[in-house]
Each structure stands twice: as structure tokens, then as C-alpha cells.
Amino acid sequence: TFIGLIFIFISFVVLLCHNPSCDGSASKWWMIMAAACGFIYQTMDGTDGKQARRLRCGSAMGELFDHGCDALTSSIYAVFSMEILGMGLSSTVGAIFVLNAQVAFFCSNLTLLHFGRQRIRLLDSQEMQALVQVCSIAKAMSRNALHVLIPIPKSIALNLRRISNYLTGQNSQGDEFHLHEMCILIGLLMPVQHAMSTSIAIFRHYRRNRKNEYLPERGLSSFAYQATLVTIWYIFALLVHKSICELGALPLIVWLLVSIFGFGDLMNRILVARVAHVRLPRGQATLSLPSVMGMLLLVSLAHARKRLPEFLRLLGYIGIVLCTLMMYFAYVVDNGNRICNVLGISWFQVSPRSNKDK
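Numbering (our numbering), first residue to last: 1402 to 1759.
Since the hints were made in silico from the structure, they are not lab data. From the three backbone atoms N, C-alpha and C, an ideal C-beta is built for every residue, glycine too. Heads up, some of the hints might be wrong.
[Said to hold, decoys possible] Simulated pairs of lysine to any residue, SDA-like, Cα-Cα distance not exceeding 20 Å:
no., residue 1, residue 2
1, 1429, 1418
2, 1555, 1543
3, 1643, 1561
4, 1429, 1448
5, 1429, 1509
[Unchecked claim] Listed next, with one range per pair, are the computed distances between beta-carbon atoms:
no., residue 1, residue 2, range
6, 1517, 1639, 29 to 35 Å
7, 1403, 1542, 18 to 24 Å
8, 1493, 1411, 16 to 22 Å
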């Protein structure tokens, strides 16, 4: 998983350097690169569990590390989708795409936390990752590959366009509906449906079975607190994006990085609560203070472009990203070391099986 994460991060950094606006104008070679790196990550991430079971070396530490990497890549795949569909980082729809991916990942882990097993949907993360890779290759072969018409009745296409216009704030006309518009519509609506169905399922679960109420990380009150945290993060990040969306590409890139690692930090705290069977900490210990303060400082720096020199604002942007990264890795390393000490294992170390195990 770690090797796959390196590949997906390389393609992500290359995209931000090559086309920071993420408006669909990236070169064909990046499309092929994104598909290849995505395939490597998906393959590595999908086989590590089987390898751990084969070697009998699976542990809570491995599970925490695997899901922590997935928390980061869920947002990165949303950025890839943003580029492939040509939405742009400055658009509200693009920001919602990133935040919706975070919500979808959060809901998927909620089922694992409260039910004890992860519920797999018809279109889950593996299928969506494969779809992004296919669309990336298709666009590399032809710029208009995703602009084909969907063969549906004009009345249905007209209603879909009305829904799309309402959600995206556009005012496009016509009674035809294209494939890329359908992809955007699915990306906007599917996480909402996923969040609603997950919430209903968890509520019904605790109405029928109250014995899990006594576990510190479970119960309706814990679920309400966890859902409130992610809702606050979603609204807060979206409001910050709206306030800086017209102030250039650099503030938007900083917003993107802070939102990715801020959400990753929040998910790490939830993952530790699930793995260690402890209650999720309250207050500022849950919502990473550097991430929240970084967002607020980002707004101040972006709106002070006429009062502060460019050099000072650039240093401020770098400082925001570095503080968020330091907070993210500090929590991961600290709790990872504690789990390793309890289990008697080391980071990235696989103990060979004994002859008895074989």
C-alpha cells in the first residue's frame, strides 16, 4: 500500500505542477500516467490484505495504515476526476467533488466501525477507481471521448439537465445529455445517497441491537458525534473555498492540500478509536486545530494580496501546508508507535512464519 501511495502521490504532484487549475487541459501523457499510477495503487492496495493473511502477519497496525492511506487517496482520486471531467479547482462543483469523496470514504468506514464489517456497495471505491482509470485512458485517446451523447429519450435528458443546472448553478440549454455531464451528476448525488442510507442503517442497527451501545466507540451518541464532526468539516471547508475561489490558483492548491491532510487527520482519529476500542476524543483533539487554523489563515493571506508582498504570502502558504503535514504525521507516528508497542511489532516489518505455522 505504501508503494502504491508513492505512485499516486507522484501523479498528483505532477498534476498540480503541470495544470494547477485542474480544468481538463492536462496533456495526454499525464492522463496515461494517472491511469497507470492509479492501477498500481489499486493493485497494491487490493493485495496487501491477502498477503498479510497468507503470511499470518495481519494486525491492527496494518489495518490502520491501510485505511489511513485510503483516506488520502480518496480525495486525490476526486481531483483526478475533476481534471478528467474538466470542472476546475476554482469551481464550487470541483470543491464539492473533493468533499463528497471524503464523505463517501467516511461513510464506508462508519459501517466498519458500527457493524463490525464493511458494507460493500454495487459501486464502491474499487469500482470508482477503475472507472477513473478507464475515463483517463479514454480522454488520452480522444479529448471528446466523454462528450458522447447518451441515447435516452429527450424528455428524460431535459429533466436530467434541469437537475444538473440546479446542482451546478449553470444555465445550459438543450434536450441532449452527454456522458461527462452524467458522470458529474453521479459524483454529486451518489455520496449524498450513500450518507443517507448509511445513517438510516446505523440508526436501525442500534434500534434492534443495543448491546454495542456499551462499547466506547459505538452507539447512537458516538455516531451522532462522528457525523457532526464530518458535517462541520464539510461546511467549513466549502465556505473557505467559496471565499478564495476567485483569488488565484495558489490559494486553491493550499486549500486542497489542507483539506486532504485535514480530513486524513480526522479519519486517523476515528480509525484509532475503532482499532483501539476507545472513545473518540472531544473538542479540539478531534478536529485538528492546525487544519482549522490553517484554513482561516489561508483566507486572511489570500485576501491580503494587496497589502502583503508576494514573498511573505508565499511563505505563509508554505507554512500552512507544513503545519498541517506535521500535525498529520505527528498523530500517525505517535499512535502507530503505541499500537506497535502493544502488539510487539515494528513499523514495516513482517515476521517470518515459523515451521509450525506453515
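We went through each hint and held it up to the structure:
Of the supplied pair hints, the one linking residue 1429 and residue 1418 holds, its CA atoms being roughly 15 Å apart against a limit of 20 Å. Under the criterion of a C-alpha separation no larger than 20 Å, the hint pairing residue 1555 with residue 1543 is inconsistent with the structure, at around 26 Å. With a CA separation close to 26 Å, the supplied pair residue 1643 and residue 1561 exceeds the 20 Å bound. Note on residue 1429 and residue 1448: the hinted pairing is violated, with a Cα-Cα distance of about 29 Å set against a maximum of 20 Å.
Annotation: proposed proximity of residue 1429 to residue 1509 is violated, straight-line Cα distance about 33 Å (limit 20 Å). For residue 1517 and residue 1639, the Cβ-Cβ distance of about 32 Å falls inside the hinted range of 29 to 35 Å, so the restraint holds. Roughly 31 Å separates the CB atoms of residue 1403 and residue 1542, a value that falls outside the hinted 18 to 24 Å. Against the hinted window of 16 to 22 Å, the Cβ-Cβ separation of residue 1493 and residue 1411 comes to about 28 Å, which falls outside the hint.
Violated hints, in rising order: 2, 3, 4, 5, 7 and 8; the structure is consistent with all others.
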